Amino acid sequence: MLIGLVTFIALMGFTLGPRVGLTWPEKFMRDTVGFVQGVFYKPASYIAGFFEDVRNMKEVYSENERLKMAVAQYARESAEYHRIKAENEDYMNMLKFTEAQKNKYDYDYRPANVLSVNQDPNNHTLVIDLGEKDGVRQNMTVISVEGMVGVISQVGNFTSTVKLLTTLDPQDAKRQQIAATVSNKDTFGIIESYDKKTRMLKMTRIPEDDPVAPQDLIVSSGNGGVIPRGMIIGKVVEVETGEFGLTRTATIEPAANFQDWKTLLVVFTPEEPQE
Amino acid sequence: MKRYQLLILLLFLLFIFQGTIGFWLTPPALQGIISPNLVFVAILFATIYHHRHTGLVLGLIFGIVHDIIYYGEMIGTYSFGMGVSAYIMGMIFNKPRSPLPVMLTAVILGSLLLDSMLFGIYKLFRINPDSYNWALLHQMLPDLLIHFAFALIIYVPVRKQLDLVVKAPRRSKAS
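Those protein sequence lines, which keep their order, are chains A and B. Under this note's numbering, think of the first position of the first sequence as 1, with each following residue one higher. Under this note's numbering, think of the first position of the second sequence as 1001, with each following residue one higher.
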C-alpha cells in the first residue's frame, strides 16, 4: 500500500513538469482510443445538433437579420483591409524587411475535429484528431470560430490533447500566461486566471493611465512568444483597481463559450529558424 | 473467464461513451462544471459484488487510460483515485450479497471519496485554486446525483451479470 502510494506520487510528480514527448505506449493507447472515440462522437454531435436546431428555429429569423447587417459591414471592412494590407506590404518593401520578418504573422489555420471531452473542471481537456503526423507541436494555440479556446498540451501520432483556457490559474506551477492587448488601442495586460464561479477571465497588470474600457475587444499581443498575435480572447466587462492600487484589473468575458465542441482550428505558426 | 472479458469490454465502451455521447447529453449550463464518472460507478459494482482486488485492478487500469487520453497536467490522478477509492469501498462493504440500499450507500460514499481525493491531489500540486466547500457544493454534489441515478439504472442488469461471474468458478469447482 505504502509502496503504491510512493510510486504514484512519484509518477504524478514526474509527469507534472514539462515533457518533451510521449513514450510509445502512451502514443499507441491514445491513437487506438482516439479512433474509437471518433466513431462515437461524430454521430452523437450530429444528433444533438439536430435537436438544438429544432429548438432554435425561432431565433433563426432574427439572427439572419443581424447576420445580413454584419455581412454588409464585413464587405466594407474587408475592402479597407485589403487596401491597408497592400499599403503595408509596400512599406515593408520600402523599409527592406527580411523574408522572415514578412512571414512572421502569416498563420496557417487547420481544422480539427473534436474526438472526446473530459469534463473534469480541474483538468478540462479535449482530444482532437490532428497529431504529430500532421505537424502539430506542443503549445500551439487552438481557436474556435468565436475565439481562443486553449493550448495543445500533449501530442500523439494522430491525436492531441487541448488544455482549455478554463484551467488558467495563477497558482499553477507551470502556468501559462497570455500577453494581451486591446484590438485598436496600445494597451498592455496579462491574462492569468479563469474564475470558475463567474466564468470570466482576469487580465491583470494594466497600467494606471491605460485607456481600456468596457466593451473593448481583447486580443493576444504575441509578446510572450508562445501565443501568436491577434487571437481573439474576449470582451471587457469591467475595469477596477488592482490589488496594490498601482495597476488595474479587467474582467473579461471569454469569446469562446467552452461548450458544444464540434470543429476547432489549430493555428500553425511559421517555423522559427533554429539557433 | 469469458464473462471477465465481457466486463472489461463493457467498461471500455462506457469509458468511450462518457467522453463522447455523455458530453452531448449534459445540458450546456452544466458543461465544464460536473464531471460524471460512470466508469467508476460500474467499477464499484464489480468491487462489491465480486472482490475488492478486482475493483483495485480495474480502477487502476481505467484510471490510467483516462489519465493518458486526457493528459493535461499530469498522469496518475485518476488511476490513483479510482483504484484506491474502489479498494476502500470494497473493504468497508465487504459482502458479496449486499442489497440495493447498501450498494447505493457505497456509490454515494465512493463518489464523494473519489472527488475529494482528486480535489486533494490537485490541491497538493497547486493546480486547484478553489476552496473545498465551493467544490463540494458546485461540483461534487451534482456529480453524486448523477452517479446515484446511474447506479439505480444499471443495478438490475449488472447485478445479474456479476452474480453469474461469481457463481461460474464455484460451479466449475463443484463439478
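Among the hints, a few may not be true.
[What the hints assert, rightly or not] Distance condition first, Cα-Cα at most 25 angstroms in a straight line; then the derived DSS-like pairs of lysine-lysine:
{"id": "1", "chain 1": "A", "residue 1": "LYS58", "chain 2": "A", "residue 2": "LYS68"}
{"id": "2", "chain 1": "A", "residue 1": "LYS197", "chain 2": "B", "residue 2": "LYS1123"}
{"id": "3", "chain 1": "A", "residue 1": "LYS202", "chain 2": "B", "residue 2": "LYS1095"}
{"id": "4", "chain 1": "A", "residue 1": "LYS68", "chain 2": "A", "residue 2": "LYS235"}
{"id": "5", "chain 1": "A", "residue 1": "LYS197", "chain 2": "A", "residue 2": "LYS85"}
Keep in mind that the hints were calculated from the coordinates and are not lab data. Predicted model only: the values in this text are computed from it and were never measured.
Here is what the structure says about each hint:
1. LYS58/A to LYS68/A: 17 angstroms, holds
2. LYS197/A to LYS1123/B: Answer holds: LYS197/A to LYS1123/B is near 17 angstroms, not above 25 angstroms.
3. LYS202/A to LYS1095/B: Answer violated: LYS202/A to LYS1095/B is near 51 angstroms, above 25 angstroms.
4. LYS68/A to LYS235/A: 23 angstroms, holds
5. LYS197/A to LYS85/A: 42 angstroms, violated
The earlier numbered hints that this structure contradicts are 3, 5.
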